[in-house]
Amino acid sequence: MIEMQDVWKEYGNGIAALSGVSVQIKQGDFCFVVGPSGAGKSTFIKLMYREERPTKGHIFVGGFNIERLRERQIPIMRRHIGVVFQDYKLLPKMTVAENIAFALEVIEASRRTINRRVAEVLDLVGLVGKGKMLPQELSGGEQQRVGVARALVNKPSVIIADEPTGNLDPENSWAILKLFERVNDQGTTIVMATHNRELVNACRKRVIAIEHGQIARDEERGEYGYED
Amino acid sequence: MKIRTAGRHTREGFKNLFRNGWMTFASISAVAVTLLILGIAIILTLNIQNLSTNIENQLQINAYVSDSVPATALKGLEQELFALQGVRSIKFISKAQALLAMKKQLQQNSNLLDGLGNPLPNEFVIQAIDPSQTVSLAQAVKATPGIQNVQYGQSYINKFLAVISAVRDAAFIFIIVLLVMGVFLISNTIKITIFTRRREIEIMKLVGATDGFIRGPFFVEGTLMGIVGALVPALILNELYQWLVTSVTPFPPFSFLPLAFVMQRTVIVLILCGVFMGLWGSIVSVRRFLRV
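As they're listed, the protein sequences go chains A and B.
So the first sequence is numbered by the working numbering: it starts at 119 and just counts up by one.
So the second sequence is numbered by the working numbering: it starts at 641 and just counts up by one.
In case anyone wonders, no lab produced these hints; they're calculated from the structure.
Treat the hints with care, as some may be off.
[Stated by the list, open to error] In silico DSSO-like links for lysine-lysine, alpha-carbon gap of 30 angstroms or less: (1) Lys831/B <-> Lys164/A; (2) Lys799/B <-> Lys250/A; (3) Lys831/B <-> Lys248/A; (4) Lys642/B <-> Lys273/A; (5) Lys211/A <-> Lys731/B.
Owing to the predicted nature of the structure, the values given are computational and were not obtained by experimental measurement.
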């Protein structure tokens with residue numbers, strides 16, 4: 119499903135964010151990516167949806183060879199994965215329903231399909247009746263659920279989440295995690311970078327720990343393992 | 641692109657006008673102010689053009705016939721003059737008609753002419769097809785046997801034509817300068833508008849939207865802003881010009897062009913410029929933020 123082979127990433131300022139990372143994530147895996155701040159977690163995640171390009175190495179996500187993608191193929195690749203961001207990245211002037219529908223409009227889905235799918239995911243994330251509200255009218259937890267709904271609406275085979283609970287209180291963090299577990303139960307691969315010790319330790323899922331740009335641990339039923 | 645996607649872009653373009661209320665207002669205002677000034681320049685230019693045409697049409701050559709030419713030969717001379725290259729019209733004024741006209745002009749002093757007989761010659765009044773050719777035509781007329789002398793305001797014609805040409809050139813340069821200033825003003829306004837929406841564009845790209853899909857509503861929005869930005873000055877200019885035509889009586893050779901004539905041309909130019917400005921602004925500005 120996702121494979122990195124000896125991936126290096128150096129930024130323009132000479133800082134090496136990743137140094138020779140190799141990892142394989144299978145279809146249906148639920149995988150936490152942990153590590154101290156500045157260890158390279160975000161770069162690791164951003165490489166998967168081609169917000170960053172590797173300096174060296176190969177990355178395959180759902181059949182796409184990321185570093186060889188042409189400019190016009192990038193949007194097509196992104197439609198096959200759902201991405202959830204720490205800052206939600208919702209379109210502020212669109213309603214909740216319009217934000218979710220946007221991911222279907224880009225694939226030119228019919229209005230009927232859009233309406234049906236939007237209603238389904240709103241139900242799934244527990245936001246029935248809030249479709250016509252604007253993002254700023256919702257709480258942080260609700261906004262993140264909209265972010266998750268948008269990531270799910272295309273029925274992607276993989277969800278990539280970069281600190282999705284970073285701005286949320288424990289209750290909402292748990293709600294998001296439960297959502298991911300439900301989706302994962304249906305076969306969707308989940309890759310989630312997080313600083314949330316409680317969630318990682320309670321779930322006992324696969325944990326990839328990144329330190330100094332390298333994989334320090336990769337455990338099937340791992341723990342958070344850091345003090346921060 | 642599917643029809644429903646084109647429909648979606650149009651809908652979103654309309655919605656964006658309202659979603660971005662103040663920025664839309666700023667952009668439309670920039671377009672409207674520029675086009676208002678452009679519209680005034682167009683109306684002025686059209687009327688200056690009209691004035692110069694009016695004056696040019698009044699340029700004429702007075703050709704005085706030698707008294708040695710018998711009355712029977714006058715018809716032949718008229719035909720000969722009319723056959724010269726560049727003659728638009730020719731009108732004969734007989735000695736008797738000229739005397740009558742002079743007496744009318746002199747009014748109570750007309751008795752001064754008594755006892756002089758008729759000192760005035762027969763005369764042809766000739767107009768050139770192209771007013772700028774008046775001088776050369778006058779020379780050809782003068783060279784015609786039977787013509788004693790010609791009058792055509794030699795130095796006056798050349799100077800006048802030079803002034804008209806300078807006014808036209810100045811108006812043209814004025815319009816170009818205005819357009820450049822307008823494009824600069826609008827591009828800055830649109831840049832600010834889009835800059836505030838760069839995050840929006842970034843999010844759209846991360847969700848899998850192609851560049852074309854992102855541009856679609858921006859194009860619609862830009863075009864609509866251009867049209868509205870053109871209609872506002874068109875309405876203002878229509879009212880102003882109507883007021884001018886009805887409340888100011890110009891003296892000849894100046895005359896106002898009819899309202900419909902002026903506004904048809906002005907509105908078409910304004911809308912085309914508005915749409916161009918809106919579309920161009922969208923294309924240039926969105927392109928800057930599409931690299932995500």
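Comparing the hints with the structure gives:
For the hint pairing Lys831/B with Lys164/A, the CA-to-CA distance comes to about 28 angstroms; that is within 30 angstroms, so the pair holds. At roughly 72 angstroms between alpha-carbon atoms, Lys799/B and Lys250/A are farther apart than 30 angstroms, so this suggested pair is violated. The hinted pair formed by Lys831/B and Lys248/A fails the criterion: a straight-line CA distance of about 33 angstroms is larger than 30 angstroms. For the hint pairing Lys642/B with Lys273/A, the CA-to-CA distance comes to about 22 angstroms; that is within 30 angstroms, so the pair holds.
Taking the CA atoms of Lys211/A and Lys731/B, the gap is about 75 angstroms. The hint is violated against a cut of 30 angstroms.
Hint violations for this structure: numbers 2, 3, 5, all remaining hints satisfied.
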